Amino acid sequence: LGYFQREADFLAETRFANLPAVRRLSGGGTLIHDRELTYSLTLPPSQRVLGRPVELYDLVHTSFVQVLDRLGIGVRQRGSTVHPQAEPLLCFAREDEHDLVLFGHKVLGSAQRRRRGAILQHGGLVLEASVVTPELPGIGDLCPGADLSGLEQKLVSQVATSLSESFVSEQLTTAELTRVARLSVESYSSLARSGRQSA
Numbered sequence: 193l194g195y196f197q198r199e200a201d202f203l204a205e206t207r208f209a210n211l212p213a214v215r216r217l218s219g220g221g222t223l224i225h226d227r228e229l230t231y232s233l234t235l236p237p238s239q240r241v242l243g244r245p246v247e248l249y250d251l252v253h254t255s256f257v258q259v260l261d262r263l264g265i266g267v268r269q270r271g272s273t274v275h276p277q278a279e280p281l282l283c284f285a286r287e288d289e290h291d292l293v294l295f296g297h298k299v300l301g302s303a304q305r306r307r308r309g310a311i312l313q314h315g316g317l318v319l320e321a322s323v324v325t326p327e328l329p330g331i332g333d334l335c336p337g338a339d340l341s342g343l344e345q346k347l348v349s350q351v352a353t354s355l356s357e358s359f360v361s362e363q364l365t366t367a368e369l370t371r372v373a374r375l376s377v378e379s380y381s382s383l384a385r386s387g388r389q390s391a
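Note that the sequence shown ends on residue 391 in our numbering; no numbers are left out.
Honestly, I wouldn't trust all of these hints.
Said to hold, decoys possible - So the derived label-pair ranges between C-beta atoms look like this:
no.: 1; residue 1: Leu375; residue 2: Ser272; range: 18 to 26 Å
no.: 2; residue 1: Val348; residue 2: Gly266; range: 16 to 24 Å
no.: 3; residue 1: Leu203; residue 2: Thr230; range: 35 to 43 Å
no.: 4; residue 1: Pro280; residue 2: Val214; range: 18 to 26 Å
no.: 5; residue 1: Ala285; residue 2: Gln363; range: 31 to 39 Å
no.: 6; residue 1: Arg308; residue 2: Ala213; range: 23 to 31 Å
no.: 7; residue 1: Leu251; residue 2: Thr366; range: 27 to 35 Å
Rather than coming from a laboratory, the hints here were simulated on the basis of the structure. Given the structure is predicted, the values throughout are model-derived calculations rather than measurements. Ideal Cβ positions, reconstructed from N, Cα and C, are used throughout, including at glycine.
Kindly generate the complete structure, drawing on both the sequences and the hints.
What follows is the structure, given as structure tokens:
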């Protein structure tokens, strides 16, 4: 769930009744993590793109556009949109000007949270429609036969290039794994309090 979403609205959707759920630090709509690629990017206060939130959205989303274009998948930024007074529950049923769309369907959405000058941006790229949300197609449904092999590494490489950074792949340390286990119990075992406490 997005940080500001009501738990009751999620629980009222019977098709989601058996799904595990947590509340994330950023706002926006509910994400169903199934048949999609989730990304998360955390940058320190010193990173040059932190001037305005839109700059990081544009940088990351442009990176996705470039990679997908090279694969023959013509996603584009949505552009201006009108937000209804009552937003849909699901992220991919909502519209935002920064969304990436394919044949009119939202396939990439992102959200941000800033703390102490640092920024977290994360989002999801729908690869195929989930069995619980068949109304939300992914790029594999809209471009059948597209070769998505190596997509993750291609995206990581393009985002790093766009940031003028180099990313290094590492395993989590024992201390980090211990902290993850502690947080999963203390902060994320209950939907009511998940995402509401500092990590």
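Check: Is the gap between the beta carbons of Arg308 and Ala213 within 23 to 31 Å?
Finding: For Arg308 and Ala213 the Cβ distance comes to about 27 Å; the hint holds.
Next item on the list: Kindly confirm whether 35 to 43 Å is satisfied by the beta carbon distance between Leu203 and Thr230.
Entry: Check failed, 23 Å falls outside 35 to 43 Å.
Margin query: Given the hint of 18 to 26 Å, is the C-beta distance from Pro280 to Val214 inside that range or not?
Written below: Cβ of Pro280 to Cβ of Val214: about 20 Å, so the range 18 to 26 Å holds.
Next item on the list: Check the following: the C-beta atoms of Val348 and Gly266 are separated by a distance inside 16 to 24 Å.
Entry: holds (22 Å)
Item checked: Hint check for Ser272 and Leu375 - Cβ pair distance inside 18 to 26 Å -> violated (38 Å)
Next item on the list: Determine whether the Cβ-Cβ distance between Ala285 and Gln363 falls within the hinted range of 31 to 39 Å.
Entry: Distance hint for Ala285, Gln363 holds at roughly 36 Å.
Note to self: Tell me if the beta carbons of Leu251 and Thr366 are separated by a distance inside 27 to 35 Å.
What the structure shows: Cβ of Leu251 to Cβ of Thr366: about 33 Å, so the range 27 to 35 Å holds.
Comparing the model with each earlier hint shows violations of hints 1, 3; every other hint is respected.
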